[in-house]
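*Asks:* Please arrange chain X on chain B, whose structure you already have, making use of the hints.
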Amino acid sequence: MKYLLLILFLALSWQPAANAELTIEITEGVEGALPIAVVPFRWQGKTQTTPREDVSAIIQADLHRSGRFKTLPRNDMLAKPASGDEVEFKDWRVLGVENLVVGQIQPNGSKGFIIRFQLFDVFRGEQLTGYSIPTTEGNLRTTAHHIADLIYEQLIGVPGAFATRVAYITSKTEGGNTQVDLRIADADGYSPETIVSSDVPLMSPAWSPDGRKIAYASSEKGSWGIYIQEVYTGRRQKVTAFKGINSAPAWSPDGRKLAMTLSKDGNPDIFVFDMTTRKLRPITRHYAIDTEPSWSPDGRHLVFTSDRGGKPQIYRVPSYGGKAERVTFQNAYNARASYSPDGKLLTLVTREDGRYRIAVLDLASDVMQVLSRGDLDESPSFAPNGSMIIYATKAGRRSVLAAVSVDGRVRQKLALQEGDVREPVWSPLQKN
Amino acid sequence: MFTILTRWVPITLCLLIFAGCSSSPTKEGEQEGAEVTEQSTGGSGTYEGTEGAGATTSAASEAGSWSGDPLDDPYSLLATRILYFDFDQSSIGMDNREIIRAHAEYLASNPHVSVRLEGHADERGTREYNLGLGERRANAVRSLLMAEGVADNQIIVISYGEERPASMMNNEESWALNRRVELVY
Chain B
1 MKYLLLILFL ALSWQPAANA ELTIEITEGV EGALPIAVVP FRWQGKTQTT PREDVSAIIQ
61 ADLHRSGRFK TLPRNDMLAK PASGDEVEFK DWRVLGVENL VVGQIQPNGS KGFIIRFQLF
121 DVFRGEQLTG YSIPTTEGNL RTTAHHIADL IYEQLIGVPG AFATRVAYIT SKTEGGNTQV
181 DLRIADADGY SPETIVSSDV PLMSPAWSPD GRKIAYASSE KGSWGIYIQE VYTGRRQKVT
241 AFKGINSAPA WSPDGRKLAM TLSKDGNPDI FVFDMTTRKL RPITRHYAID TEPSWSPDGR
301 HLVFTSDRGG KPQIYRVPSY GGKAERVTFQ NAYNARASYS PDGKLLTLVT REDGRYRIAV
361 LDLASDVMQV LSRGDLDESP SFAPNGSMII YATKAGRRSV LAAVSVDGRV RQKLALQEGD
421 VREPVWSPLQ KN
Chain X
1 MFTILTRWVP ITLCLLIFAG CSSSPTKEGE QEGAEVTEQS TGGSGTYEGT EGAGATTSAA
61 SEAGSWSGDP LDDPYSLLAT RILYFDFDQS SIGMDNREII RAHAEYLASN PHVSVRLEGH
121 ADERGTREYN LGLGERRANA VRSLLMAEGV ADNQIIVISY GEERPASMMN NEESWALNRR
181 VELVY
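So the protein lines, in turn, are chains B and X. Quick note on my numbering: the first sequence kicks off at 1 and runs consecutively. Quick note on my numbering: the second sequence kicks off at 1 and runs consecutively.
Isolated chain B (complex conformation) (with noise of 0.2 Å):
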């Protein structure tokens, strides 16, 4: 009865501070984001086979967790519709809902489901658009993450970076022994298997453009070496085994080629190899510590770090070599930069009172904006669809992964096992 009151006054006046007070626990600090309900998906089949996993309660997170949108808790529904002809669209717009999710999940074989949903602008009572998408129990979290790709695709005009993974590495210290691990989860921190496990360091992670490979350094055999594996096949290749540093690989937009860094010729400097034609090309040749490589999403560009001038700074060269020119003027440490999907923004770590922190730099405007709050954040990574950073930070002394959204004001912790996890690294818009 008090919601109900309180929701007639808010029909009556709509402000986005009252409304935020409204549902406080999920959308705080969030303002501009668009109300949508996700009503919990109707079971249609017997109740002892009921899906293990709730659909509608992980397209709800997705949604909340983009920062584009303010979720309905499911308390506050009036009703719980199933599909379009059950929906009555005055009960969501006295909530002031403007969008709505309704589906169903019925058997489909033994092991199998399908799930229909349809989503529905309230203010027009309109579908704006349906689909019925069979899938299976071991596919229903990844077929939930599509269903909200999307939803974000209809609402925000970009797609959806909710069907995608993370790979990340894990240490735990045992006994005196570490182990570290390269694993990869979905992107909310679910269903993490391990891809590489070994007794020595293991760095830098980097996905390929299809999403299908993983690039990383690792000190096997008392050396360092990048290596290429195959993400669903495990199979592996050694790409370099120079003398010193092989480190930190990037693939270039086309997949065709990896930056890289190696100290070979006796200190680290950047250099491109093309995994077509086998030939390295050296990009920078400087005593200063060059390393750090990422490319501009059109390939012509590598940004990296450099402490040619003191302090490392980011840099920026073109892919082929020539002048490299400074970027970043703004802090005394500007690290690990890496582009935007659309190219127009850099996330860095830079240090600031002695706190290292993930900022976003705009390169037109210059403005570098702090996203992160922890004293040694690092890693960041751009969500596919440049909605989301997501990073490593401390908890306590724990190393754990955070995300953040662009605009600072959606933050989350991923949930993940004990142990160390650093290095977090976003996989490419998966290509169905």
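Since the hints were made in silico from the structure, they are not lab data. Ideal Cβ positions, reconstructed from N, Cα and C, are used throughout, including at glycine. One thing to keep in mind: the hints can contain errors.
Cut-off 25 Å, straight-line C-alpha distance, at most; resulting in silico cross-link-like pairs (DMTMM-like, lysine to aspartate or glutamate) [to be verified]: (1) B:Lys264 - B:Glu220; (2) B:Lys243 - X:Glu148; (3) B:Lys172 - X:Glu172; (4) B:Lys323 - B:Asp265; (5) B:Lys394 - X:Asp152; (6) B:Lys243 - X:Asp88; (7) B:Lys311 - X:Asp152; (8) B:Lys344 - B:Asp210; (9) B:Lys264 - X:Asp152; (10) B:Lys264 - X:Glu172; (11) B:Lys394 - X:Asp88; (12) B:Lys311 - X:Glu172; (13) B:Lys90 - B:Asp76; (14) B:Lys394 - X:Asp86; (15) B:Lys344 - B:Asp366; (16) B:Lys323 - B:Asp342; (17) B:Lys243 - X:Glu173; (18) B:Lys311 - X:Glu148; (19) B:Lys311 - X:Asp88; (20) B:Lys264 - X:Asp88; (21) B:Lys221 - X:Glu148; (22) B:Lys80 - B:Asp121; (23) B:Lys279 - B:Asp342; (24) B:Lys172 - X:Glu173; (25) B:Lys394 - X:Glu173; (26) B:Lys323 - B:Asp362.
Here are some chain X residues the structure puts well away from chain B; computed CB gaps all over 10 Å [as the list claims (entries may be wrong)]: (27) Ser67; (28) Tyr84; (29) Gly93; (30) Glu98; (31) Asn110; (32) Pro111; (33) His112; (34) Glu128; (35) Gly132; (36) Glu135; (37) Leu144; (38) Met169.
*Replies:* Positioned in the frame of chain B, the structure of chain X alone reads:
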């Protein structure tokens, strides 16, 4: 030959540093890590007797009262296998130079022996930059060894950046222990 005194000043300092740091937890993530604790306990435990014992041990590379490989002589400068660095620096202080000189002397007179220089950094800053920094530190030690007559093929350099910390705490003390080059024979 150098006078015994100048040789012992640096190691005394070093032992003091170890003694001061021995209370902070050290992680033994590898064999090299084990040497950290071995030296710190051995060093602080035998500190009282070092002057006298050092005087009889004399030159590290010669057969003195220590019978056996000079590398195993706990009172030799060669017993110090870890060199520490300042934040974001790869420059080598005077105390470290004496230790490096002792290692260089040993290596130059034992050309069949090789040493691995493992460079490390503390956790502040990005991992790849720190990998470069660790290598820069190890290379600084390498240059000094070579200037003292050690052959290139006796030295292997590898950087582990911040990937193999000696201490796992997030504080200044711990960071100081992690900014290091380890000499591994």
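*Asks:* Each hint should be assessed against the structure and marked as holding or not.
*Replies:* Against the structure, the hints come out as follows:
Straight-line distance between C-alpha atoms of Lys264 (chain B) and Glu220 (chain B) comes to about 17 Å, which keeps the hinted pair within the 25 Å bound. Only pairs whose Cα atoms come within 25 Å are accepted, and Lys243 (chain B) paired with Glu148 (chain X) is accepted, the gap being roughly 23 Å. Proposed proximity of Lys172 (chain B) and Glu172 (chain X) is supported: the alpha carbons are some 23 Å apart, at most 25 Å. A threshold of 25 Å between alpha carbons decides the hint, and for Lys323 (chain B) with Asp265 (chain B) the separation of about 19 Å falls inside it, so the pair holds.
About 41 Å separates the Cα atoms of Lys394 (chain B) and Asp152 (chain X), which puts this hinted pair outside 25 Å; it is violated. Among the hinted pairs, Lys243 (chain B) with Asp88 (chain X) is consistent with the structure: their alpha-carbon atoms are about 23 Å apart, no more than 25 Å. Of the pairs offered as hints, the one joining Lys311 (chain B) and Asp152 (chain X) is violated, with about 30 Å between alpha carbons and a cut-off of 25 Å exceeded. Annotation: proposed proximity of Lys344 (chain B) to Asp210 (chain B) holds, straight-line Cα distance about 22 Å (limit 25 Å).
A hinted pair counts as satisfied when its Cα atoms are at most 25 Å apart, and Lys264 (chain B) with Asp152 (chain X) qualifies at roughly 14 Å. The suggested pairing of Lys264 (chain B) with Glu172 (chain X) is violated, with an alpha-carbon distance near 32 Å, which exceeds 25 Å. About 21 Å separates the Cα atoms of Lys394 (chain B) and Asp88 (chain X), which keeps this hinted pair within 25 Å; it holds. Of the supplied pair hints, the one linking Lys311 (chain B) and Glu172 (chain X) holds, its CA atoms being roughly 20 Å apart against a limit of 25 Å.
A hinted pair counts as satisfied when its Cα atoms are at most 25 Å apart, and Lys90 (chain B) with Asp76 (chain B) qualifies at roughly 14 Å. Between Lys394 (chain B) and Asp86 (chain X) the CA atoms are separated by roughly 23 Å; this keeps the pair inside 25 Å, and the hint holds. Between Lys344 (chain B) and Asp366 (chain B), the direct Cα distance comes to roughly 11 Å. Compliance with the 25 Å bound is thereby established for this hinted pair. About 24 Å separates the Cα atoms of Lys323 (chain B) and Asp342 (chain B), which keeps this hinted pair within 25 Å; it holds.
This hinted pair does not check out: Lys243 (chain B) and Glu173 (chain X) have alpha carbons roughly 32 Å apart, beyond 25 Å. Straight-line distance between C-alpha atoms of Lys311 (chain B) and Glu148 (chain X) comes to about 30 Å, which puts the hinted pair past the 25 Å bound. For the hint pairing Lys311 (chain B) with Asp88 (chain X), the CA-to-CA distance comes to about 9 Å; that is within 25 Å, so the pair holds. Note on Lys264 (chain B) and Asp88 (chain X): the hinted pairing holds, with a Cα-Cα distance of about 22 Å set against a maximum of 25 Å.
Among the hinted pairs, Lys221 (chain B) with Glu148 (chain X) is inconsistent with the structure: their alpha-carbon atoms are about 29 Å apart, more than 25 Å. For the hint linking Lys80 (chain B) to Asp121 (chain B), the alpha-carbon distance of about 16 Å falls within 25 Å, and the restraint holds. For the proposed pair Lys279 (chain B) and Asp342 (chain B), the alpha carbon gap of about 29 Å is over 25 Å, so the pair is violated. The suggested pairing of Lys172 (chain B) with Glu173 (chain X) holds, with an alpha-carbon distance near 22 Å, which does not exceed 25 Å.
Proposed proximity of Lys394 (chain B) and Glu173 (chain X) is supported: the alpha carbons are some 18 Å apart, at most 25 Å. Restraint check for Lys323 (chain B) and Asp362 (chain B): the C-alpha separation of about 22 Å stays at or below 25 Å, so the hint holds. At roughly 32 Å, the least C-beta separation between Ser67 (chain X) and chain B is larger than 10 Å, which holds for a residue marked as non-interface. Listed as a non-interface residue, Tyr84 (chain X) keeps its Cβ farther than 10 Å from every Cβ of chain B; the least gap is roughly 20 Å.
The beta carbon of Gly93 (chain X) is kept farther than 10 Å from every beta carbon of chain B, the shortest such distance being approximately 20 Å. With a cut of 10 Å on Cβ distances, Glu98 (chain X) stays outside the contact zone with chain B, its closest approach being about 26 Å. No beta-carbon of chain B comes within 10 Å of the beta-carbon of Asn110 (chain X); the shortest separation is about 21 Å. No Cβ of chain B approaches the Cβ of Pro111 (chain X) within 10 Å, the least distance being about 21 Å, so the stated non-interface status holds.
With a least beta-carbon separation of about 19 Å from chain B, His112 (chain X) lies farther than 10 Å from that chain, consistent with its non-interface assignment. The Cβ of Glu128 (chain X) sits about 5 Å from the closest Cβ of chain B, inside the 10 Å cut-off, so the non-interface label is violated. Non-interface call for Gly132 (chain X) relative to chain B: violated, since the shortest CB-CB distance, roughly 4 Å, does not exceed 10 Å. Some Cβ of chain B comes within 10 Å of the Cβ of Glu135 (chain X); the nearest lies about 6 Å off, and the non-interface call is violated.
Listed as outside the interface, Leu144 (chain X) is consistent with that label: its C-beta sits roughly 16 Å from the nearest C-beta of chain B, beyond the 10 Å cut-off. Residue placement check: Met169 (chain X) does not keep its beta carbon more than 10 Å from all beta carbons of chain B (closest about 7 Å).
When held up to the earlier numbered hints, the structure conflicts with 5, 7, 10, 17, 18, 21, 23, 34, 35, 36, 38 and fits the remainder.
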